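These are the residues of each chain, in order.
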Amino acid sequence: MKHTLVALVENKPGVLNRVSSLFRRRAFNIESIVVGHSEQPGLSRMTVVVNGDSARIEQVRKQLDKLINVVRVSDITAEDIVTRELALIKVKTTTATRSEIIQIVDIFRANIVDVASDSLTVEVTGDEDKVESLLELLRSFGVKEISRTGRIALTRGGVA
Amino acid sequence: MKKTGAQILCESLIKEGGDVIFGILGGALLPLYDTLPQYPQLRHILVRHEQGAAHAADGYARVTHKAGVCIATSGPGATNLVTGIANAYMDSSPIIAITGQVARPFIGKDAFQETDITGITLPVTKHNYLVTDTAELAQTVKEAFYIAQTGRPGPVLIDLPKDVQQEEVEFAEPEEVDLPGYRFVSRGHSIQIKKAVRRINKAERPLIIAGRGIVISQAYNELKELAEKAQIPVVSTLLGISSFPGDHILNFGMIGMHGLACANMAVQNADLIIATGMRFDDRATASTQSFAPQALIIHVDIDPAEIGKNIPVDIPIVGDVKTVLKAMNKQIERGEHLDWLTQLDQWRREHPLLESRQGDELLPGYVIHQIHEITQGDTIIVTGVGQHQMWAAQHFLYTRPNSFISSGGLGTMGFELPAAMGAKVGQPEETVWCIAGDGGFQMTVQELGTIVQEHLAVKIAIINNGYLGMVRQWQEFFYERRYVDTKLWNPDFVKIAEAYDIPGIKVKSREEVTPAIQKAMDYPGPFLIDFVVEPEENVYPMVQPGESLSQILERPRPERARSY
Numbered sequence: 001m002k003h004t005l006v007a008l009v010e011n012k013p014g015v016l017n018r019v020s021s022l023f024r025r026r027a028f029n030i031e032s033i034v035v036g037h038s039e040q041p042g043l044s045r046m047t048v049v050v051n052g053d054s055a056r057i058e059q060v061r062k063q064l065d066k067l068i069n070v071v072r073v074s075d076i077t078a079e080d081i082v083t084r085e086l087a088l089i090k091v092k093t094t095t096a097t098r099s100e101i102i103q104i105v106d107i108f109r110a111n112i113v114d115v116a117s118d119s120l121t122v123e124v125t126g127d128e129d130k131v132e133s134l135l136e137l138l139r140s141f142g143v144k145e146i147s148r149t150g151r152i153a154l155t156r157g158g159v160a
Numbered sequence: 001m002k003k004t005g006a007q008i009l010c011e012s013l014i015k016e017g018g019d020v021i022f023g024i025l026g027g028a029l030l031p032l033y034d035t036l037p038q039y040p041q042l043r044h045i046l047v048r049h050e051q052g053a054a055h056a057a058d059g060y061a062r063v064t065h066k067a068g069v070c071i072a073t074s075g076p077g078a079t080n081l082v083t084g085i086a087n088a089y090m091d092s093s094p095i096i097a098i099t100g101q102v103a104r105p106f107i108g109k110d111a112f113q114e115t116d117i118t119g120i121t122l123p124v125t126k127h128n129y130l131v132t133d134t135a136e137l138a139q140t141v142k143e144a145f146y147i148a149q150t151g152r153p154g155p156v157l158i159d160l161p162k163d164v165q166q167e168e169v170e171f172a173e174p175e176e177v178d179l180p181g182y183r184f185v186s187r188g189h190s191i192q193i194k195k196a197v198r199r200i201n202k203a204e205r206p207l208i209i210a211g212r213g214i215v216i217s218q219a220y221n222e223l224k225e226l227a228e229k230a231q232i233p234v235v236s237t238l239l240g241i242s243s244f245p246g247d248h249i250l251n252f253g254m255i256g257m258h259g260l261a262c263a264n265m266a267v268q269n270a271d272l273i274i275a276t277g278m279r280f281d282d283r284a285t286a287s288t289q290s291f292a293p294q295a296l297i298i299h300v301d302i303d304p305a306e307i308g309k310n311i312p313v314d315i316p317i318v319g320d321v322k323t324v325l326k327a328m329n330k331q332i333e334r335g336e337h338l339d340w341l342t343q344l345d346q347w348r349r350e351h352p353l354l355e356s357r358q359g360d361e362l363l364p365g366y367v368i369h370q371i372h373e374i375t376q377g378d379t380i381i382v383t384g385v386g387q388h389q390m391w392a393a394q395h396f397l398y399t400r401p402n403s404f405i406s407s408g409g410l411g412t413m414g415f416e417l418p419a420a421m422g423a424k425v426g427q428p429e430e431t432v433w434c435i436a437g438d439g440g441f442q443m444t445v446q447e448l449g450t451i452v453q454e455h456l457a458v459k460i461a462i463i464n465n466g467y468l469g470m471v472r473q474w475q476e477f478f479y480e481r482r483y484v485d486t487k488l489w490n491p492d493f494v495k496i497a498e499a500y501d502i503p504g505i506k507v508k509s510r511e512e513v514t515p516a517i518q519k520a521m522d523y524p525g526p527f528l529i530d531f532v533v534e535p536e537e538n539v540y541p542m543v544q545p546g547e548s549l550s551q552i553l554e555r556p557r558p559e560r561a562r563s564y
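Which chain is which? The protein sequence lines are F and B, in order. Counting from 1, one number per residue, gives the positions in the first sequence under our numbering. Counting from 1, one number per residue, gives the positions in the second sequence under our numbering.
If you are wondering where the hints come from, they were derived from the structure by calculation, not from laboratory data. As the structure is a computational prediction, the values presented were derived from the model and not from experiment. It is possible that part of the hints are untrue.
[Claimed, not checked] Now the in silico label distances, taken between C-beta atoms and shown as ranges:
hint, chain 1, residue 1, chain 2, residue 2, range
1, F, Arg148, B, Lys330, 55 to 65 Å
2, F, Ser54, B, Arg187, 50 to 60 Å
3, B, Leu179, F, Arg148, 54 to 64 Å
[Claimed, not checked] With a cut-off of at most 30 Å between alpha-carbon atoms, the simulated BS3-like pairs for lysine-lysine come out as follows:
hint, chain 1, residue 1, chain 2, residue 2
4, F, Lys12, B, Lys195
5, B, Lys142, F, Lys12
6, F, Lys62, B, Lys2
7, F, Lys12, B, Lys66
8, B, Lys109, F, Lys62
9, B, Lys330, B, Lys195
10, F, Lys12, B, Lys2
11, F, Lys12, B, Lys330
12, B, Lys309, F, Lys62
13, B, Lys194, F, Lys2
14, B, Lys195, B, Lys224
Just so it is clear, CB atoms sit at the ideal spot from N, CA and C, and this is done for glycine as well.
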C-alpha cells in the first residue's frame, strides 16, 4: 500500500541525501519525494510517497525520526489530508487538434503555459488521479515530454 | 579572542572530557598536529593503522563509558576508519571520529587524498558533520559529543578541511546544544511500566534477557534487584555478558546460536520475557518465527526504532533501562517461581558445556578456563569474532560488571588487539587480556608496535587452530567438510612478538597452559602466548541457521562432563 510520510527537516546540506539513503538502506523504493521551504525559517517540509506494509513503514518512519536533521516525521496516510501534484505536459499539436486540446485543458481547469507552432505545454494541478486522467486524454495527441513534481500533502484543519 | 580551527578543536575536545586521541596524521592534518603540543592534556597515541585507531577508541569508550576519540587524515586515512566506525555503530559505542579533509576550495575536485567521508559514513554513524565554517567548529564538537554519548550511544564523525584548521576566527565557547531533531526518552511511560509490572507479578515462568543496554546504562544493580526480588532467572545476549554476575544462582548464561542449551530452553519455555537493552539480533534469536513461542514479551530499550523491528512486542517501554528498571523495582512484588527455577536447574545439569576428548590435546575451552582460574575473573577480556570469541563467552565466568568487550553486531576480525589496547588506556589499573584468533590477530597485528611504544601491558592469548575456525566449522557442517581457503599458514607468533620486543611463549600441551598464563601475569609489560590448540575443535552447542532456539545441536562425539 502507498503511504504518505511528511517530514519537517532542517534546511542543511546533505539532508535530502540522508533521508533518501535511509530508504535505500532499508530497501524501500521511493515513489516520489518532494522538498520545499516550510512555514518555519530554516526548516523544510518533505513529502515522501513510498510503498510497503504498515509495519515496515512504521519501522522506516522511526528510523527517519532518528536522523538528527529530521525534526518531526509522521505517516499521514490514514489521516484526512489534502494532496496535490503539479505536472507540465508538452503535447503535440496541429492546426486540426489544437482547439480540441484547449477544450480538454479547460475541462480540467488546467492552464496552457507555452504555445509553439507544433506543441502546447499544459500545467495541471490536482491529485494524482486528476493528473493521470488528463494525461490519458492527451496521450492520443502525442505527448512529447512530461515533468511531474510528485505528491505534496498536508493534513486538513488544525496542525499535524 | 582569535584562535585557529586546530586550537578550537583541541580546546573543545578538552572541554568535552577528551583526554586521549588515537590517531595517525597525514597531509590534511598537519595544522592540527602542529597545534597538539600546545595542549599536553591531550594524550595522542600514534597507532599503526587507522582501523586500529577506531577500534581503540571503541575499546576505550566501552570501558570508560565516555566517548573515545580517533583521528585520521583525509582519503585513505578516513576510509581506513570505516570498519571501526561501523563496528562502533552496530554495538552502540560512542566514538568521535575526526578526519582531515582537503582544503575547502579543493572539495569536489577529486583532489589528492580527497574522499567524501561524510557520504561514505552516512549509514554507519549516528550523525556526521563536514565543517565548512570555522566559526561553527566549537558548536559542532559540542554537539558531536552530546549526540555520541546520550540516548543510544554511537559514533559521530567530524570532517575537518585543512584550511579550517588553519583559519583564525573569534572563539566563543558554545553554551547549549540546540538540536530540535534530536530527542530521546529516558523515563519509560508510567502506564506501560505499570502494565509490565502487573504481568511480571502474574507470570509463572518469567525470564530476563539482559543486553548491552544494561552495561551502557550501568544498570547492574537495578537488574540484580529485579531478578532477586521477583526471583526471575537471567540470561544474556553476547554483549549482555558481564551485565549480571556469572556466578549468580539466577544466571543461566548466554542465549543464541552458541548459547547455553539451558539458556535457549529457558527462552523457548518462558511465559514472559523481559528484554532489557537488547535488539533481538538474529544470532541471539535464531528463527524469529519460533522465538519464545509461549512468552509475552516486554521490551525495554531507549531506541524506539528497535521496538518491533525483529520481534513483535506485547508491552514496549521506550526509555533508559536503568531508569525504567528502577521504576519497575518499586512496584514489583516478591516472587518465588520455584518450579520454574528447579526446571532450569535441571536443564542446566542435563546440558553442561562439554569437553570432547580425554588426553593431552590442548582444547581452547581449557585455555579460557585457565585464564579465568589464574586471574580469578579480575580482568577485562577483549575478543574479536569467531570461535575464540564464543569460547571466551562460554568458558569464562564473568563476575565483574563490564568485563567482556567483544565485536558483536559487525563481527569484526581484528577488533581484539586494538580494542584491548584502547581498554588498557582507558583502565590502566586493570588487567586486560586480548583473546585473539590466529586469523583475526593477523588483521591488526601491526598494533603491537603501538602497544610497545605506549608501554601498554596488554596480555595476548592467541587461540591458534591454524584455521579461520568458525568458517571452517560451517564448511564442516554445511559444506561437507570442503575446507576451501580456511587453512592458514601462520608465522611464528612468538617470533613476531619478539620482533616487537614483547616476550612470548608457544604452548602446545595442557600442562604448559597454567605456567604460561602465570608468567604472562607476572610480567610487568605486554606478553603474548600462542596457544596451539586442537585444529578442528568446534563450538558447541549450536543452533543451526534458520532453526529455532529449541533445536540445539550438542556435541555428538564421546563426551565427558566439563571437569578441568
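What hint numbers does the structure not satisfy? The structure breaks hints 2, 3, 4, 6, 8, 11, 13; every other hint is satisfied.
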